[in-house]
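Novice: Put together the whole structure using the sequences plus the hints.
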Amino acid sequence: MAFGLVNAVPLDDPLMDFRFGVFFLGGAVGIAHPLDFRFQEVSGLEANVESTSVDSLGQGDSSRKLPGKTTFKNLVLKRGMPKFSSLRQEVQRSLTSSQHIARNVLVSILDENALPLNSWLFTEAYPVHWSLSTLNASSGQVIVETMELTFSNFRPFSL
-9 MAFGLVNAVP
1 LDDPLMDFRF
11 GVFFLGGAVG
21 IAHPLDFRFQ
31 EVSGLEANVE
41 STSVDSLGQG
51 DSSRKLPGKT
61 TFKNLVLKRG
71 MPKFSSLRQE
81 VQRSLTSSQH
91 IARNVLVSIL
101 DENALPLNSW
111 LFTEAYPVHW
121 SLSTLNASSG
131 QVIVETMELT
141 FSNFRPFSL
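For the sequence shown, position 52 (counting from the first letter as 1) is numbered 42 according to the numbering used here, and the numbering increases by one without interruption.
One thing to keep in mind: the hints can contain errors.
What the hints assert, rightly or not - If you anchor each label on the Cβ, the simulated ranges turn out as follows:
1. F74 with H119: 20 to 26 Å
2. L5 with V44: 18 to 24 Å
3. W120 with G11: 16 to 22 Å
4. D2 with A104: 32 to 38 Å
Hint data in this document are derived by calculation from the structure and do not stem from the laboratory.
Glycine residues also receive a C-beta, built at the ideal position from the N, C-alpha and C atoms.
Specialist: Structure below.
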């Protein structure tokens, strides 16, 4: 027992990818159903900084790269399709009416007690794509619902 910590998680253990939560914050319509926060897969947590080559003055043929604009992939959420979903209703309303409701979305990696270990806040997120997996009468598979969100920015968020 170091420094009085009992059952402390070692800081150098890698995090596991199967415990996470997606939380939609704010907005005009509250999301009441607990299944609206459950997803089987989250992707698109990616940021890239574009770089521009600039000739170095007085350096002959050399150039250096300067950082430019930061770009983001869309946040993609996948889940088994629940029978009812106020989130799906909100997404479909947004896609069909052009009245986009921007929300902040929090993605958190959770420990075994469902407490957040790492989180990212996606600001001003709104849906740009929604789809269902192929319907196949002979497969007997769970229908997978995919929601794709674009956003203004994302950053690490401490809880």
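Novice: Hints first: check each against the structure and report whether it holds.
Specialist: A quick look at each hint next to the structure:
Between F74 and H119 the CB atoms are about 21 Å apart, so this pair conforms to the stated range of 20 to 26 Å. Roughly 38 Å separates the CB atoms of L5 and V44, a value that falls outside the hinted 18 to 24 Å. A hinted range of 16 to 22 Å holds for the C-beta pair W120 and G11, which are about 21 Å apart. Between D2 and A104 the Cβ separation comes to about 22 Å, which falls outside the hinted range of 32 to 38 Å.
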